[in-house]
Every structure is written in C-alpha cells, then in structure tokens.
Amino acid sequence: MAPATPAAPMAERIRVRLSGAVQGVGMRPFVHRLAADCGLAGFVLNGPDGVTIEVEGAGIATFLARLQAERPPLARIEGLAIEPIPAERAAGFAILASRGGPTATRIVPDAATCPACLDELFDPASRFHRYPFVNCTHCGPRWTISRRLPYDRAETSMAGFPLCAACAADYADPSNRRFHAEPVACPACGPHLTHPVDEIAAALRAGGIVALKGIGGFHLLCDATDEAAVAALRRRKGRDAKPFAVMVANAASVGLVAEPTTAEADLAATPGRPIVLMRARPGRLAPSVSPRLGRVGVVLAYAPLHHLLFAEIADGLVGHEWGGHDWRAPNPAVLVATSANPGGEPLVVDDDDARARLAGIADLIVGHDRPIVTRADDSVMQIVAGRPAFLRRARGFVPDPIPLAEDGPDILAVGGHLKTTVTVTRGREAFVSQHIGDLDGAETLRFWHETVAHLLAVTGVRPEAVAADLHPDYRSTLAAEAMGLPVLRIQHHAAHVAAVAAEHGIAGPVLGLALDGHGLGDDGGAWGGELIRLDGAGWRRLGGLDALPLPGGDRAAREPWRMGVAALHRLGRGAEAGRLFAQEPLAGPLAARLAAGHERIATSSLGRLFDAAAALLGLAGRQAYEGQAAMEMEALVATPRALDQGYRIEGTQLSFAPLLAALTDLRADPVRGAELFHGTLIAGLAAWTLRAAAAQRLDNIALGGGCLMNRVLAEGLDAALRAGGVEPLLPVKLPPNDGGLSFGQAVLARRMIFREG
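Residue numbers (UniProt numbering): 1 to 757.
Honestly, the hints are just simulated from the structure, not real lab data. Treat each hint with caution, since some may be false.
The following label-pair restraints were derived from C-beta to C-beta distances [to be verified]:
id	residue 1	residue 2	range
1	Q68	A329	48 to 58 Å
2	A202	A442	30 to 40 Å
3	G536	G207	52 to 62 Å
All C-beta atoms in this analysis are idealised placements derived from N, C-alpha and C, irrespective of residue type, glycine included.
Starting from the given sequences, assemble the full structure and let the hints guide the process.
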C-alpha cells in the first residue's frame, strides 16, 4: 500500500521524490499526462533513487492527490517526499534524461499481459495481431529478462532486437503506453517462436505432450482432461504422484475446473498470476492430475502465447464455437502446466538445453529466440485465514523486497538445503530470491550460485557478512564458508521465527512456534516442533514436542512406516509392527532394534509426527514426494475434532502419545482418524503455546515452519490462539517453509552484528 499523501506545501513549485517500484512501470508518461491535465509546468526524470518530479502551477494539490490514486498498475509508491522550491515561471512539462549514479531502485516483477495488449493481440487491425510477445509498460517480462540495473533495454535480453521504426516511435512517445517499455517489439523487429501456434494446439488436442518456453522457463503441457496424456507425462517425467497444476484461459474459465472462493478467484487474477490452490470440481480433470487430493492448483494464462494457444485449442474442438476475439469469454480448454525440470533439477530455460533434456518427455519442443536471463518457476499460493499465503514465491512477485523495520549492514543469507532461497539486504529492504529448490544435485547448486551472483548484481550490494544455517553439511553452508567473508551461523528454527516476526515489523520480544520436518538444534539434536522466545538477536528454546525415535535417519522422511513403527515402540506396542505394516518386511526387525536400543536418533519434528499418524492410519507407508502423507491426510479433513485427553503437557514438553494410541485403533476409519489428528494437534499446540505466552508475558505468537503450509492446521491454530487472547502471526509475504528461511537468517545476522559492534 502506498503511503498517505502529505499535505501540499503552500508553494508555487514543489519537488517530489518517489521511491519504490516506480521505474519501468510507465510512471514518467503517467506523470507527464497528469501534469498536463492539471495545467502544471515542470519535468520528471528517473534517478538513482527513484523518480524526481518538479511541478509548478495552481493545480498542485489536485496533482498530488491523483498521483497516488491513479498511478500505473504495476507502480508501488513506498516513499513520497515533497519539498517546496522557488518558482521558475517555466512553460510546458518535459520528460528529462535519466540521471546516473549508484542505484537504489529496483526491477519490478514480471506481470501478466494487460487487457489493452490482449485486445490488440486479437485485433486484426493491430500490428500486434497474434504476436506472442506483445507487451507494454503495464505488463510483460521484467525480472526474467534483466541482467542488471539500470533497467534499460541494453541491460536486458531484448538488447539483440533493435527497434523497428514503428516500435521506436511508440517507445519515444510520452502519450503512448509503450513509452520506454524496454521489452517492446512487434513481428517486424522482435522475437519469434520456433513453431506456429496452430501446430502446438494440434499436438495438444491429439493427446501429445508439449515443452513450451514461457516467461521464466519451459512448461510441460498436456490436455488436463485426457487421463492417458496425463499418465504419460507422469511416466516420462518420473513424477509418480506429486500434483500437477492446471492452466485455464481466463477468470471466466476457472469455474469449469474448480470451485473457488471469492478470495481464491481474486488472487488468481492478480498481475502476478500465481498458481492458487482451490477445491477441484469433481469429474472435470483427469484423475492423475492431483491424485488423492481435494484441491488443485489453478493458474490463469499470463503470457500472450498462452492466450493464443487457448484460442486455437478451443476453435479446434469438435462441435464447439468459441469467439476467438473475445479473450474474456469462458474457454473449455484446460492444460496441465508443470515446470520442465526433469529429475528435480532446475527449470529448463535454454532452447538447446530443452532439446537435450526434454526430448524423452515431450512430443514437441517449442522455443523462441528471446533469452531468459533469470529462471523463475510459477509462484504457488493459497488463502489461509482469509489472507493470501505463499507456498512458493517466484515469478510475478520476485524481486519485490520485504520492508525492514530498521537500517543495517548489507547481508547475504544463503538459506538451507530444501526449498532454498537466498536473501540480500540493502538499507531497509530485504530482497528474497525466487525459489531455487533442493540442493541435492550439481545443477541446482549451480543455479544457487547463479542466483546469488544475479541478486547481488541487480541490487548493487557488496555484502559485509554471510548468514548460513547451523548444519555443517548443508551445501549452502559450505558455499558460504568458501566466500571469504565473515560467516554468521543461525539456528534453523530461530530463523523461521525471525522471518515471520520481521515481516510483521516486530523486532522486540516475541514467542515463536516453529513446526517443520527437520532442523539442527543448537544441542546437535533433530528439532522440528519448538517453542522459542526471540528477542532481538537472542533466542531461547522454551520447549519441544516429545521426541520420537527416527529410525533410518533421513530415510524416515521418505518411508513413513518407519515413523509408524517408532510410534508403536514409544507406546509399548512394538510387537504389533509386523502385523500393522505387513507389507514392509523390515517392520518387525526394526521394532526389535528399537526395543534393543540400537536406534538412538530421536526427533521432535512435527513433520515426522504427521508421518507417524498417516502410517498408523494405513494411509501412507512410503512417500513419492515430500509431504505426500501429510497432504493426503489433510485432504480427508472436513471438520477437525479434538480427542478428549489426546495430549499431555509434561513440563516444557508436549506429548501426543494418547492421540497416537487412538489412531492405531482407527485404521478402519481413516477419515475420522485424520480429523481427530488435526483437531487434537490444534488443541494441544494452542494450549501449550498459550501456557508459554502467559509465563513469558508475550502476546505476539509467530507461527513458522513447513507444517504451516497445512491450511487446516494453520487456520485452526490461528483461531484457537485468537480465542486465547493472543495475536498469532502467520507468514504472508514469504512461504512458511524453508523458502522464507534465508530472510530470517538475514534479519538475525544483522542484529548479531549490531549487538557485537
């Protein structure tokens, strides 16, 4: 939200300085038109710290009011300073050349094609008719084509496409919405596809799989209503069960495949065009799109090529008449649109790389000659407690910074090991990178290094120190130690709590509940269900979930039956393991090893407690993807129900042993078991947290960690804590999982430097 407009000074001429997302968004031509409307003289220009405006005349007050109320769609005014200056009695208003110097501005995120460009895309009289790269200052690629600041064409991947006369005229005309739109191009001078749109559509209608180069990388597409096509995509990509997102043509088409709430539909239609989780409409999509889950991720077409493709597919459907010029009309086509990243590697962005890596997956590979500088997956969001919440933050939202409550040293924070991001701080801003992924392979690690270099280049930051996780074997930690800068090691769960508190602007004492799969504790233990008091740079663990054995270490996260056996052992019912997990030959021997004390690793992880519950209910013995057991159990819940005396608070520990015992006897009724698990979890965690809040005299509760991606849990905790008289803080600007970890690391590292300085 933009700051309130200060009262207009009593002066004939003023200087206005704007900061925020104010360059590359059409601000200067907007100001030019507005000044003319208000009868003002003066000028506007881009500078290293934003946009500077000087105006004089009788209409200054009206100008200032309209400046924010009518600002361009992609502009965000975060700072507005007004200074009275002597009048110059000048005539006319001009757009002056940009001023150089060290930059404090930023590039804005990529934005979905705007309505004006879509009208031109389907207008036979427009020179942009059916041109798949149409854009203007209100839409199109920004972050993914930019190499460094300043945001000029020469610093983007459009540098190799000289403007034709018509585009040059638009670019130079302040009255044109393409004035200084750096990616502007047309069929005469811009990029081109390797294949025509009708050929792509024909391949999809025939049940084929298409690799399509988009804004931030390649998608793999197929008909989402064709079970054979979706199953073939799963088989070829090696993605057995993890849900696919689907793409529809426009907002009017969402209801054909899903049953969105108003908030979900509105979120899907924002310029960032995230994938939004919403209830799937039964019977519309192929069963393999999101197996055993009640919700589906839906994204609206956001690039011109997408819109052309949907129009072409619909026009080719037998017995269907669709007005191809009305891009707003409901369109029956629906496509699986999943990232082209075989084997969990980074998203494919290069045409040659696509032909090498995707040939065994796609029947048709479609590229184009505009290079993608920065790869960016689609962002994924959901509505939690009435507010948008990230599951993955990338295209459409990066590189928007997270505001910081205070200035401080420039820090590079390198994240964790899973769902990694990196963060760079500059002044009172923190720039969190797009989703990078899990640092298991060489390609993803290379992408991590690429992201660090690019983020430092576009922010102009030379970090004073690096923040990294405590875990000595994380590749991000090892890379940080090789940078030749001071390294500050930050405990995993303290970083989770700090991230949530900082995005809500809280620097003082706060109580945190960190719930995730794994993080190294400062005692060397495997943590994941922690109550933490955070105060400035200091933190203290107040308690944790009662630990369960972790048989097999990391293997337990992939094989929930192991956690089921661990739970049986803790309940004194290890002898039942062989019967309850008869499909696992090692279940009986593992129970025997636990009884003999040979499995010594234990964990307080809530993520592993989810796995244990799912295994005891017979829902999941093994996982094809991270969090599968928890997601499938969440999908069964209609109404969470608390089990009477289903938990115990023992000193600083919270035990759900009574609940686990009850679940063992509910294998025949997994729906009731899932509802009891969620309801009891919410009740126990809330009671435990409220007791600590009262003891610590704190009423702000930061809720972080990957388990908060579970909407039932997050909304239940939010409601229960509010009912208990405290203020729960849920993540809003960043994901609750390790995608927000680097931000918390950066916040704590800054405070540590201040404390030691």
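The hints, checked one at a time:
| no. | hint | result |
| --- | --- | --- |
| 1 | Q68 / A329: 48 to 58 Å | violated, 34 Å |
| 2 | A202 / A442: 30 to 40 Å | holds, 37 Å |
| 3 | G536 / G207: 52 to 62 Å | holds, 59 Å |
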